[in-house]
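Visitor: Please take these sequences and the hints and turn them into a complete structure.
There are 2 protein chains.
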Amino acid sequence: MKTISLEQIKAVVPSIDLISDIEEGFVAYSLGQANVPPVGELILEKGEVHIKYGCLINDEYYVIKIASGFYDNPTIGLPSGNGLMVLFRQDTGQLVCILLDEGHLTDIRTAVAGAIAAKHLAPKNVERIGVVGTGVQARLQLSYLKDVTTCRRVLAWGRSEEPLERYRRDMEANDFAIETTRDTGEILRTCNLIVTVTPATEPLLLASELQSGTHITAVGSDTPHKQELETAILREADVVVADSIAQCLLRGEIFKAMQSGDITQDELIELGDIIAGRKTGRASDSQITVADLTGVAVQDIKIAAAVYEALA
Amino acid sequence: MKTISLEQIKAVVPSIDLISDIEEGFVAYSLGQANVPPVGELILEKGEVHIKYGCLINDEYYVIKIASGFYDNPTIGLPSGNGLMVLFRQDTGQLVCILLDEGHLTDIRTAVAGAIAAKHLAPKNVERIGVVGTGVQARLQLSYLKDVTTCRRVLAWGRSEEPLERYRRDMEANDFAIETTRDTGEILRTCNLIVTVTPATEPLLLASELQSGTHITAVGSDTPHKQELETAILREADVVVADSIAQCLLRGEIFKAMQSGDITQDELIELGDIIAGRKTGRASDSQITVADLTGVAVQDIKIAAAVYEALA
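Those sequence lines, one after another, are chains A and B. Reminder that position 130 of the first sequence reads as 353 in the working numbering, one-by-one numbering, no gaps. Reminder that position 203 of the second sequence reads as 426 in the working numbering, one-by-one numbering, no gaps.
Certain hints may be false.
Which copy? The list can't say, so a pair holds if one copy fits it or any two copies do.
What the hints assert, rightly or not - With a cut-off of at most 25 Å between alpha-carbon atoms, the simulated SDA-like pairs for lysine to any residue come out as follows: (1) K225 / R312; (2) K347 / D282; (3) K225 / I299; (4) K347 / P426; (5) K225 / E271; (6) K269 / D314.
Bear in mind the hints are in silico, worked out from the structure with no lab data behind them. Note that this is a predicted model, so its numbers are computed, not measured.
Guide: Next comes the structure, spelled out in structure tokens:
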């Protein structure tokens, strides 16, 4: 049994082609070649814990991922994310490896999924990237978008100036030209590739400002109570994509828009079916597309195995 | 973060008063002082994995237990059980400890629960203990029964002679007087404390042989498809006890007897309520009592914390 530290993980991740790996995961999932039980969830007084687990059928491993968010941790000098991933052999149940990632691989595979959604759904010419949020995930999303678009012009939204300024500084050091705003309407009016990465529980983006030719990847909401997009945005969209239809019926933006009656299940397309070419995503540059990413265990399965094998 | 090996676990377990610890866990559970989400389950081609997790409310830790059974493993020289337990801080989500128990603590806490059931439900004078099964759990159940009964006379049932003989030899070295049988009827006719510990999917004990003054603890069935007791045994019993009513409605002997209409939910009593003195278990030596143990996360939470603290 191998234990892999966060330091080792951070050192090896940049050398792995995670976009291809996780694309394969989404395709396997949509083809029914993955065994992914419902998400386990433990709600505590100060935080929440998600257990995502399963395997690709006939693969070598099964993976259990534990990831937590304790959102007041930063006030006592601790990161909000925590957790680990465990690989076992699928044929014998033997423990193969514990990845002490402290939530980092969940952050990475979430950002990679954002890049995959943009790769397959963004309009051909990305003029300006809109980022709604200023945290860890807002940084990682931009970093991984580098692999799928040449656009480096960014408008970032945040609730307050100080984190927005830190975000500008950090991302300019990462070769982006960053402007900032406190108005999410400006994001919708001036950006045609938008990523939302906040823990909001009330809509931040309103349908009244939505422009044709926009793609939005909604990353923040992964529970039944979080929401970043007004449900009418999903009604207005020409294409609504789920990372997992089964999961998006229970959590995230699609769950909210189903509840309000703004969309129906038969309008949903799964990301893996678009990657595989079995379904059409964006059909023209003027269409509006929305991808709702709630985070699927196949992403954890793929990244855990890739990191283990890169270090084996 | 601490990693505790199987060797360290095996060395420290005998020094811990697990009966009291796990009794406290059952009481907390039945009083609604535990946060225990539904069991996570991954069914693989060659095995099954259970994820049991949760916490006692306002306790220091939350615990996630992964335990697997790959029943063909012994044919290739590997143990069938595997897995680990992980403790995290309940207030910050920080990782505290990984217990590399390879399923051993699940075996132990299961045997301890059997002893607790016997302590509270067996007739005053145990004349002979009947054990249905000859595996690891059949051994551990007897070992922990030593703490709650002075009876050392045992009749053991197995499907074939060789494992029965090994069982006899091992348990006689452990101060028991062992006789063996291939007839489960003999167990019911001559033993008044019976423990069933097989992975059977068809009833082994039949109601027609059931005697008054018997207590049966059914340990083997922890899924919807396993079954050791004919459902009529639960109908004939004066008292039917569940380790967790919520869980026994979905798996185990009680699930089977509910399905067949032999018992109803309002007849069920929870083990923690009996331990706490809030409900009556056995009211006389002539009653028939049955305890159905499917394994509850509070057992894992209690044993993981106890082992960690004993070694801290």
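Visitor: Against each hint, give a clear statement of whether it holds in the structure.
Guide: Going through the hints against the structure:
1. K225 / R312: Both. Shortest intra-copy (13 Å) and inter-copy (24 Å) distances satisfy the 25 Å Cα cut-off.
2. K347 / D282: Intra 35 Å, inter 53 Å, cutoff 25 Å: neither.
3. K225 / I299: So K225 and I299 pass the 25 Å test across copies only (22 Å; inside, 32 Å).
4. K347 / P426: So K347 and P426 fail the 25 Å test inside a copy (27 Å) and across (64 Å) alike.
5. K225 / E271: between (27 Å within a copy, 23 Å between copies)
6. K269 / D314: Classified as between; 6 Å across copies, 38 Å inside a copy.
Hint compliance for this structure: hints 2, 4 are broken, all remaining hints hold.
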